[in-house]
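As a plain string of letters, each chain reads:
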Amino acid sequence: MTAANSHKTGFRFKKDYYGYLFIAPFIIAFLLFGLYPVYNTFRLSFTNTTLMGGSGSFVGLQNYQRLFDTPQFMKAVSNTWLLWILNFIPQIGIALLLSVWFTSVRLRIRAVGIWRTVYYLPNLLMPAAIAALFFSLFSFFGPVNQALVRSGLIAEPVQWLQNQTVARGLVIFIQWWMWFGATIILIMAGMTSISVSLYESAMIDGADEWKMFRWITIPLLKPILIYVFVTSLVGGMQMFDIPFLLTDGRGSPSGSILTNNMLMYLKFSSSQGHIGAASAVGVVVFIMTTVIALGIFYFLREKN
Amino acid sequence: MKNSFRLLALLMMVAMVLAACPSQSAEPTAVPAAADATAAPAAAEATAAPAAAEATAAPAVADATEAPASGEKETLNVWSFTNEINTMAVAYEGKHPNVDIKYTMIPMTNGEYQTKLKAALGTSDAPDVVALEAAFVKQFVESDFLKDLGSLLPYAQEDQTYTFVTDVGTNDGVTKAYAYQATPGALFYRRSLAKEYFGTDDPAEIQALLSDFDKYTEAAAVVKEKSGGDTYMVASSGDFQNPFFANREQPWVVDDTLVVDPMVQKYVDTAKLFRDEGYEAQAQQWQEGWFAGMNDSLVDAAGTPKKVFSYFLPTWGLPYVLAPNAKSADGSSDTSGDWGVITGPLPYQWGGTWLGVIDGTPKADLATDFVRFATLDQENLTNWATGVYTNDYLKAIDPNVASDQMQAPGDFVSSQVVVEKIIPDFDNSELSAFLAGQNSYAGFAEAAPSVNAKLMQGSDDAIQRAMNDPLNQYLNGEITEDQMWATWKENLAIDFPDLSTN
Chain A
8 MTAANSHKTG FRFKKDYYGY LFIAPFIIAF LLFGLYPVYN TFRLSFTNTT
58 LMGGSGSFVG LQNYQRLFDT PQFMKAVSNT WLLWILNFIP QIGIALLLSV
108 WFTSVRLRIR AVGIWRTVYY LPNLLMPAAI AALFFSLFSF FGPVNQALVR
158 SGLIAEPVQW LQNQTVARGL VIFIQWWMWF GATIILIMAG MTSISVSLYE
208 SAMIDGADEW KMFRWITIPL LKPILIYVFV TSLVGGMQMF DIPFLLTDGR
258 GSPSGSILTN NMLMYLKFSS SQGHIGAASA VGVVVFIMTT VIALGIFYFL
308 REKN
Chain B
567 MKNSFRLLAL LMMVAMVLAA CPSQSAEPTA VPAAADATAA PAAAEATAAP
617 AAAEATAAPA VADATEAPAS GEKETLNVWS FTNEINTMAV AYEGKHPNVD
667 IKYTMIPMTN GEYQTKLKAA LGTSDAPDVV ALEAAFVKQF VESDFLKDLG
717 SLLPYAQEDQ TYTFVTDVGT NDGVTKAYAY QATPGALFYR RSLAKEYFGT
767 DDPAEIQALL SDFDKYTEAA AVVKEKSGGD TYMVASSGDF QNPFFANREQ
817 PWVVDDTLVV DPMVQKYVDT AKLFRDEGYE AQAQQWQEGW FAGMNDSLVD
867 AAGTPKKVFS YFLPTWGLPY VLAPNAKSAD GSSDTSGDWG VITGPLPYQW
917 GGTWLGVIDG TPKADLATDF VRFATLDQEN LTNWATGVYT NDYLKAIDPN
967 VASDQMQAPG DFVSSQVVVE KIIPDFDNSE LSAFLAGQNS YAGFAEAAPS
1017 VNAKLMQGSD DAIQRAMNDP LNQYLNGEIT EDQMWATWKE NLAIDFPDLS
1067 TN
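The listed protein sequences correspond, in order, to chains A and B. With the numbering used here applied, the first sequence corresponds to residues 8 to 311, in that order. With the numbering used here applied, the second sequence corresponds to residues 567 to 1068, in that order.
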C-alpha cells in the first residue's frame, strides 16, 4: 500500500492518520446531507419563509408560539403517539411469540424460513397501494359494506372512513401488518445467537418455557429489543404515508389520523408554502424523539 | 490483504458519495459519450450552431446522446397535471421539428402537483411552461414567478378570447396566463328518467322545472317518491358545491378576513337536506360509485340497482367525464343518447387549465410561443375542439406517443371567433347524438359570455379543501353544524395563519 508513502517529497501522510482518511467520506457526506439540513431546518423555523414569497425575515419564536396555540398540533402529537403505541405493542408481542415458537428446540417447527418470508411480504408492498386497497375496501360502495349487508350483519351500509375509531383502527392494523414481519426477522436473529447450551442446562435444572424465556431469552435479547424499540419509535414519530394516503391527506375524519409529519407537510404544501412554520413542526418532533430515545437508552442501560 | 480491503472500502465509499451527489451533471458524462459515439458530428454541430450558443449548448449535447440524428433540438420543459396538454405538445413538435418538448405529468389529487411545483420554483429543476388549474391558477398569477405575457394580448383580442379567461390570468393589469378552454357549467340529466318522473324530456321544460335550487330540491323529492327510492337526484352533494360557491356575493377573503357568504350556508343546508332525505347516492366525486351512476351500473350494498338522475358538469365534463363513462365496464349498460343538457339551477363555471411561463427561464421566447400556440392559435384551437388530433395524427409526428394519447372532439375553447366558426360542426356530431340531438356547443356558447371570475382568489382551493372533511363529518351526523364551522375555521389556521375568521 501505497501511493502516499512512495512520495518521498512533499506532503507525507502518517500512517496514524489513515483512519481519518477512511472515515472522511462518511463525515463529509454526513455534514453535507445530514447535519446541514438539520441546521437549516432549525434556522428556517425562526423565519417566516414561504415558497411563494421567497426568503422571509427572522421572526423569533413566532412559529413555535403559533404552533402551540393551534389545537391541531396537540391533536397531531397525541394521534401520533396513540397510533404508534397501539401498533407497537401487538407488533412486538406477536413478533416475540412467533420468534419463540420458530426458534424453540422443543417445537421444531418446519419451514421456518418460508413463514418468516410470508410474514415479511406485506412490508414489500407500496404503502400507496395498500392505502388505496383499504380505501376502496371500506368505501361506501365497497366490498366490506356489500359483504356485511348481504350477509345480514348490518341493515344499512356505513360510511366507514367517516368514523374516527375505524380510521384509526385501520391505520394501526396496516402499520402492524406491514411491520411485524420485519420485527420477527430482527428478534429471531437475536434469539438464534443465544447459545443453545444455556437452554439445555436450564432444562436439566427443570426450568419451564416461561422461566427460560424470562430469565435467558429476554436478558440476552435486550440490545436487540432496545434497537427495535428505538427504531420503531423514530419511525412511528414520523408516520406519514399510510395515514396521509388512506383518506384526504388532511387527517380526515376530523383530524383523527393527522400525524406530526402530516401537519408538517400541510404547512409545507399550503397555498403559500409556509416552510418556516413547517420547519418548526420538524424541530419539535426532532427534539421530542431525541429526548425519548435517549431516555430509553438511559433506563434500559446495563446496570452494573 | 487487510490494507487492500480498506482501500476497496474507501473506493466504494467515495463512489457512493459521488453517486449520491444530486447534480449528476449531464455535461461531464455526456460529453465523452458523445465524442466516442457516432453522434460526434452532431454534437460538434450543436455547439457550433448559433441557436444553441448560450446556455442551451449543454442540453443540446446531452440530447445528442439520446437521438444522434437530431442533435440541434431545443428542449422545452412543460409540466401539467393531466396528459391533455401533451397532445398540444406533440402537435407543436409537428410544426416545429427542431423543438423537443419534455412533458411531465404530476397528479393533483391531494395537491401533489402544486406542492411539487412550488418546491421547484426558483431552482434549476423549474420547468419552462406550467399548466395551472382554476383552483390554484390565481396563487401563481398573484405571485412573481410567472412571466408577463402581455405581448400575447393582441392575439387574444383577435381571437375574442372570453374576457373572464383573460381576467383570471391577469393580476394588477399584468396578464401572465392564458387558457385554451372556457368552462361554463351545466346540468346533465337522464332523458328516459325525466320522461318517467316529469312526463317530458324537453330541455326547455326541464330547465323550467329545475330553474333554482328550491325547485331542484322539490324535484328531488318527486324523483325519490316516483322511483321508490331507487333513483337519486344526484350522485354526491359535492356535485352542486360549485354552483353555490360561484354565486356568492363576496370572495372568501376580504381585508384578511374570512367571509362566509349566505350562499355557503345555503349550500351546507341543501347538502344536509339531500343526505338526510336520501336524495343523493352518497358517492364520492371521482370515485367508483360516482362514475358507476353515469352508466347505470350503480348497485347498493344489498345488491339493488340504483340510478342517478342528474350530474353537474361543465363543458369539459361532457367529452372527458360523462361520454367516456356512459358505457359500463362489462358493456352491459350504455346510457349514450339518453342525456340532455340545461343551464340548471344556477349558472357557474368549473375548472379550466391556464398556461404560463416561469419568469427567468432561458427559453422564454420558445416558451411564450408554445403558450401562444396552445391557447391563442386559431388553427390549433379548431383542431383541438373538432377532433383533428387523433392518435394516428400524433403518432405520425412522434411514433413513441402512448396509444391512448388523443383529443376527442367537444372541448369548449376560449376563443369566441373559433367557437362561432365551429358550432355547426357539432350539429350532427357524436356528441350531439350522445345528447339525443342537442348541440351542447351552441348552449355553452350562449352561457360563456356571462361567466365572470371576479370572485376567484389564490386562496380558494385551500379554503374549500379544508371544508370537505368537517362538512362530510356533519353530513354523516358525526358532528354538529356548529362544530363543523368551528373545525373548518381551526383548520384554516394551518394554511392562513394571518387570516381572521371571526
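Derived from the structure by calculation, the hints contain no laboratory data. From a predicted model like this one, the values you see are computed outputs, not experimental measurements. Positions of the beta carbon are idealized from the N, C-alpha and C atoms, including for glycine. You may find that some hints are simply not true.
[Said to hold, decoys possible] In silico contact screen, one side only, chain A against chain B (beta carbon under 8 angstroms); selected entries:
(1) Met59
(2) Phe145
(3) Phe148
(4) Ser277
Taking the hints in turn, this is what the structure says about them:
1. Met59: Status holds, d = 5 angstroms.
2. Phe145: 12 angstroms, violated
3. Phe148: 4 angstroms, holds
4. Ser277: 4 angstroms, holds
The structure shown violates just one earlier hint, number 2.
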